[in-house]
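A.B. asks: Each chain is listed here by its residues.
Number of protein chains: 2
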Amino acid sequence: MRTSAFARTPEPPYYAVVFTSSRTSADNGYDQMAARMAELASRQPGFLGMESVRDAKGIGITVSYWATLEAITDWKANVEHVAAQQMGKRVWYEHYELRIARVERAYAKPAG
Amino acid sequence: MRTSAFARTPEPPYYAVVFTSSRTSADNGYDQMAARMAELASRQPGFLGMESVRDAKGIGITVSYWATLEAITDWKANVEHVAAQQMGKRVWYEHYELRIARVERAYAKPAG
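Residue numbers (my numbering), protein chains in the order written: chain A, 23 to 134; chain B, 23 to 134.
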């Protein structure tokens, strides 16, 4: 899966799903689920990459990148992912914000 | 400044700047700069909020939200911010990716 902290995305436009969350203290298989979802997502058509960070206080930001809005809709409807979303709402996340955005410009260091 | 881990953003559309970075081991006032930039950004016209996480390995994702592309351009050109960007390139960041995106949909738990 993610072998680098950085997604190697193509030239814009493409789409980003920005998921900011605070974890509850419940474990219930969270780490296994997160690894499984990263693996499943990476096999979805239109998946471009993922960047994910969680700090010591349990606040996390995961950004996944997708070729099209349809690819995001398909991933949202993936059966295993739907089950994980439900566990997320009920057990794992105290609060989250999910935003879907169209990437229009991108810069990097070292340059692309 | 940021009193919560979550930005309280309005209904889309609005803009997001997604900044993913890996820190060098150099300190040189990084924390003070980061706090100062968060404060300055929050006073810019069109600033809507910021979410920022860095993990123990030094990988960070900061997402700032803006009303318009013009607001992002103005913030990029802020004199103190330009100096911080130059220090970032030279000293603080080993690698970064910066993406500017138009937020089109948003969801939350608890629901907005």
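Among the hints, a few may not be true.
Just so you have them, the derived chain A footprint on chain B, three or more residues with Cβ under 8 Å [stated by the list, open to error]: (1) 44 to 56; (2) 109 to 119.
Here are the simulated DSS-like cross-link-like pairs (lysine-lysine), alpha carbons at most 27 Å apart as the crow flies [unchecked claim]: (3) K111(B) with K111(A); (4) K79(B) with K79(A); (5) K111(B) with K79(B); (6) K79(A) with K131(B); (7) K131(A) with K111(A); (8) K111(A) with K79(A); (9) K79(B) with K131(A); (10) K111(B) with K131(B); (11) K131(A) with K111(B); (12) K98(B) with K131(A); (13) K98(A) with K111(B).
Derived from the structure by calculation, the hints contain no laboratory data.
Since we're looking at a predicted model, the values are computed, not measured.
Even glycine gets a Cβ: it sits at the ideal position worked out from N, Cα and C.
A.B. asks: For each hint, tell me whether it holds in the structure or not.
C.D. replies: Verification of the supplied hints:
Counting residues of the region 44 to 56 of chain B whose C-beta lies closer than 8 Å to any C-beta of chain A gives 1; at least three are required, and the coverage claim is violated. Chain A is given as covering the region 109 to 119 of chain B, and this holds because 5 residues of the stretch bring a CB closer than 8 Å to a CB of that chain, at least three being needed. Proposed proximity of K111(B) and K111(A) is contradicted: the alpha carbons are some 39 Å apart, above 27 Å. At roughly 14 Å between alpha-carbon atoms, K79(B) and K79(A) fall within 27 Å of each other, so this suggested pair holds.
Our distance criterion of 27 Å between C-alpha atoms is met by K111(B) and K79(B), whose separation comes to about 19 Å. For the suggested pair K79(A) and K131(B), the alpha carbons sit about 18 Å apart, so the restraint of at most 27 Å is met. Between K131(A) and K111(A) the alpha-carbon distance is near 36 Å, which puts this suggested pair outside the 27 Å criterion. A distance of roughly 19 Å separates the Cα atoms of K111(A) and K79(A); the hinted pair therefore holds under the 27 Å criterion.
In summary, the hint linking K79(B) to K131(A) is supported, as the alpha carbons are separated by about 18 Å, within the 27 Å threshold. A distance of roughly 36 Å separates the Cα atoms of K111(B) and K131(B); the hinted pair therefore is violated under the 27 Å criterion. Between K131(A) and K111(B) the CA atoms are separated by roughly 7 Å; this keeps the pair inside 27 Å, and the hint holds. For a cut-off of 27 Å, the pair hint linking K98(B) to K131(A) stands: about 16 Å separates their Cα positions.
Between K98(A) and K111(B) the alpha-carbon distance is near 36 Å, which puts this suggested pair outside the 27 Å criterion.
Hint compliance for this structure: hints 1, 3, 7, 10 and 13 are broken, all remaining hints hold.
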